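Trainee: Top line first, the protein sequences correspond to chains A and B.
Every letter in the first sequence is one number past the one before it in full-length UniProt numbering, and letter 366, counting from 1, is 366.
Every letter in the second sequence is one number past the one before it in full-length UniProt numbering, and letter 344, counting from 1, is 344.
None of these hints come from the bench; they were simulated from the model.
Here the structure is a predicted model, which means the values were calculated and not measured.
A hint or two may mislead.
Chain copies aren't distinguished; within one or between two, either way the pair holds.
Restricting the straight-line Cα-Cα distance to at most 27 Å, the calculated cross-link-like pairs of lysine-lysine (DSS-like) are [stated by the list, open to error]:
(1) K560 x K510
(2) K437 x K151
(3) K107 x K344
(4) K264 x K107
(5) K505 x K560
(6) K132 x K560
2 protein chains.
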Amino acid sequence: MEESTAPQSKKGAKKAEAKAKKEALKAQRAAELAAAAAGANGNLEDDPAKDNYGNSQTTTPGFSQDAEEVEIRSLDESYNGKTVVVRAWLQKSRIQSAKMGFVELRKGGNWTIQGVVMASEQEPVVSRRMVKWVAGINPESYVVVEAKVTKPLEPVKSCRVSGLELHITKCFVLAPAPTMLGLTLGAASQPIVNFSDEGARLADADTEKAAEPTAEAAVPAASMLTHLDNIAMHKRAPVQQAIADIRVEVKKLFRSYLEARRFKEFEPPCLIGAASEGGANVFRLAYFGQEAFLAQSPQFYKQFEIAGGRERVFSIGPVFRAENSNTPRHMTEFTGLDLEMEIKHSYTEVLDTLEGVLLSIFRGLQERCAEEIDTVRAVYPSEPLLLPEPGKEVRLTFAEAQKLLREEGPAEFANVRDDEDMSTPQEKALGEVVRAKYKTDFYVIDKFPETARPFYAKIDDAGTTVGDGVRVTNAFDFFIRGQEVLSGGQRIHDPVELEERIRAKGVDPKSAGIKEYLTTFQQVGVPPHGGGGIGLDRVVAWFLALPSVHLAAYYPRTPKRLLP
Amino acid sequence: MEESTAPQSKKGAKKAEAKAKKEALKAQRAAELAAAAAGANGNLEDDPAKDNYGNSQTTTPGFSQDAEEVEIRSLDESYNGKTVVVRAWLQKSRIQSAKMGFVELRKGGNWTIQGVVMASEQEPVVSRRMVKWVAGINPESYVVVEAKVTKPLEPVKSCRVSGLELHITKCFVLAPAPTMLGLTLGAASQPIVNFSDEGARLADADTEKAAEPTAEAAVPAASMLTHLDNIAMHKRAPVQQAIADIRVEVKKLFRSYLEARRFKEFEPPCLIGAASEGGANVFRLAYFGQEAFLAQSPQFYKQFEIAGGRERVFSIGPVFRAENSNTPRHMTEFTGLDLEMEIKHSYTEVLDTLEGVLLSIFRGLQERCAEEIDTVRAVYPSEPLLLPEPGKEVRLTFAEAQKLLREEGPAEFANVRDDEDMSTPQEKALGEVVRAKYKTDFYVIDKFPETARPFYAKIDDAGTTVGDGVRVTNAFDFFIRGQEVLSGGQRIHDPVELEERIRAKGVDPKSAGIKEYLTTFQQVGVPPHGGGGIGLDRVVAWFLALPSVHLAAYYPRTPKRLLP
């Protein structure tokens, strides 16, 4: 008994300690804020530099007329010797002597520069009090400085702009940070140690230590809960800035590839009147006396656009899954990159387009986001995504993939069937076999058996069957590193065939949502078409081999987390 | 009593008639579909052209080797004399004589060309049976034809490609439309007569007539309900294609203006843990034992991005309002175009950016979408949006606007106050006064009184007051044609000031959502910032002066409509 209670009381003590710390932090913060609000910079009247520093309530304290306002990222040799005004986060500060202090300023995600504040009796006057004050500014305060750009004796290795430094002559804090941060930039820049949604917050003792400004030397990591509880600091970490930039670029690459091919964007609704794609994982809400549902995919709406004559469409937007899965692979809200297009000759046109857009995204990222990828890899090390050489893309049929797994995969998969869907462990194992054999992390599995596909999947025209006479479909999945990132295929456009398949899957063609879907194909002639859906969060997470898809999202939504 | 029952029984008879018609249509459709599914084109064995026409189940029936596949929009003089393959909707068909028939083919929204099918005994053989068959294809079927491009004797005025026509030698129906459409293209192309969500469907007697193929001469209009019940035909109407294209362009213009100014896109969540911006109009849903809400705006999340060091952000995504308003101005789900940015010197930087982006959208549309705008105006006539000359943008303070309304507006507004929010009729009246005085439909009203703004609006630094000592804010609205399309302003970044304003507005700073919001500003220094939100649907609808915002949406969501 004692053994089991001991850790609990330890835990209790830790809890109480954490609480006390929290209260102290709160009281201190209140005092600081009150002082800041009062506008008192505490400068003495006899300080000859008293107008050159302090807390400011205005966005623009007085600066020299000839000072140019500039972003850190824009500072280059041409600014040497000039006087500039810079707004930035102060990320570090230290006093060197009574006459000299150093700060590090950061802006634009990861652009940093060293600032020096040196006492001077000549104009512009910098008093010793000012040096002390500037060197004592709390990290993560937002400041505006006036400074002369100079070349340091040696490059400042710790800063991205290493060939220049700022000799600060004025410094105002526009928005003060508290003395103790709930999550320091150093801790926020470490790999996250725990992605669990429960309990991790209090176990997070290392973070409490990190919060003390003296603990700079040891930079421990924090849990995802602590990160999200300190959302601003989580986002300020260069690794998260880089992930966010990569995510933006994925969307841009997706959009530009498709727009160049005459695809038109549209917006499917989130609120829908029927749980048309399976009722189990759907969110329901009261809607003016009826029931509404949150869309699990834009599938039906993409097809309505095709029926409505839009020819080629894509959408980028939220989709929802009410799945009570607390894993690093799942979220309840995520972003879908979807497309749908008319088919002229064969559904391989759809496959080509989707393969093209994903390769364009992966190659585009490697080209345009090399720096951001390096920033991420410095925190979360990973191998670059191995892509096929142009013209050597790997497309296996489902049956070929299963055969490969039986013959070259682990023994436990020696009996996988060609007419049954793959499990996640099978997919992962296949990823390794494919990588070894074809030297690529990116590949397509085509011709899934009808048993593994929804009713709208078009059956293969040639009547091919696998296993016990199960027909195959013109439907496929795309994988990276053994994990599915895209599902797609040709859809049934003929209403008779569609109704037959709806019934065969045990769905009532007259049920809500299905009825309106089927009706659309009966009302007009709808051309042959197909498409696919890409999970944006997964593309980002698995391209970078992140330990959790939650890191790729701006505000991850899990069964336990809705705030912030 | 008799007078009141008479219309009711008439209604009953109409209802029964409509039902019978529906049943007949359904039976006919079933027979047609069965025939199509059987693959029977009904061609006689002795027909020398029997392989050149019919229903096809394959996307690519046999065509000549030298035939080039081409889109209607790409057909120009250079194709004269060439043999081409064209896929399109057949929108009209008529028989001229036993030897000649005409069709109209449409693709790419509004690109049309005339097709001629003429009996010929020479190769390629076109039989009289084929002529009759092609001229009898149901409108809105999807077809693929092989044809020789020729110049007509006279330009074909009814078609957009008027200088060429297609001499059809092969014609296959890939997806047949039914004989009777629930909504013809002609009816779908008329102005919508009724936007009500209830009862209008059965009152829609004109549409029933329009469904008969012989009723072509008289093209009556239909209600919005009929349009949405026939979603594919609603979308195929050139006017809706044009509106959709304009909507796409608004988003592109918004995005490109901001990206050129270093704004970064992000995605705020839809699922949130608190009804933080007023509980009355928020959708609630069960969420794994807790309650979730659908976001009414991305406001807090835009600010978290700023706190998180993203500097300038924008988002394009759905927002939700659980408002039981059945008006042409309201929807329960719509698309927000939002931005937020750091402020350096003054909140007018935000105002300048928002004014710039909206003017860039309006001028961009006038330039890039002139044809689409004409297409819309042909159905919904309107005056072009009057824009200010560059440098002569109109910005009034709220007090100036109220004074203008008192002095130059209708008598009923002679006593409007400077410290009370405007009503919708006031806004409309002001729009007319401004148009008369300043020759613009686009203007800004700045410095709203604090009584008309939420707690996060920054109070004017100068301490200006209006009316009974009410302070004004650095917050503004933008209007077009007297209707608000944008709300924005500077936000409070100082946590002490923010908490004070939260309390002053009677909100509990410890309530869910508010607590996490306030905490973020206490955890780190957040720079001065501001932004605004634009209603995409409203921008499209009011730029075009459409009779309802529902016309601008892809799938309008109202308290009574969730399908399709």
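Trainee: With identical chains, the pair K505 and K560 could be close in the same copy or across copies; at 27 Å between alpha carbons, which is it: within, between, both, or neither?
Mentor: This pair counts as neither: shortest intra-copy Cα distance 34 Å, inter-copy 30 Å.
Trainee: Please sort K264 with K107 into within, between, both or neither, judging by C-alpha distance up to 27 Å.
Mentor: Intra 36 Å, inter 14 Å, cutoff 27 Å: inter-copy only.
Trainee: Is it within a copy, between copies, both, or neither that the alpha carbon of K560 lies no farther than 27 Å from that of K510?
Mentor: between (36 Å within a copy, 20 Å between copies)
Trainee: When no copy is specified for K437 and K151, does a C-alpha distance of 27 Å or less occur within a copy, between copies, both, or neither?
Mentor: neither (53 Å within a copy, 57 Å between copies)
Trainee: 27 Å Cα cut-off: does K107 pair with K344 within a copy, between copies, both or neither?
Mentor: Answer is between; shortest inter-copy Cα gap is 14 Å, intra-copy 50 Å.
Trainee: Can you give me the call for K132 and K560, within, between, both or neither, at a CA distance of at most 27 Å?
Mentor: neither (45 Å within a copy, 66 Å between copies)
Hints 2, 5 and 6, counting from the list given before, are not met by this structure.
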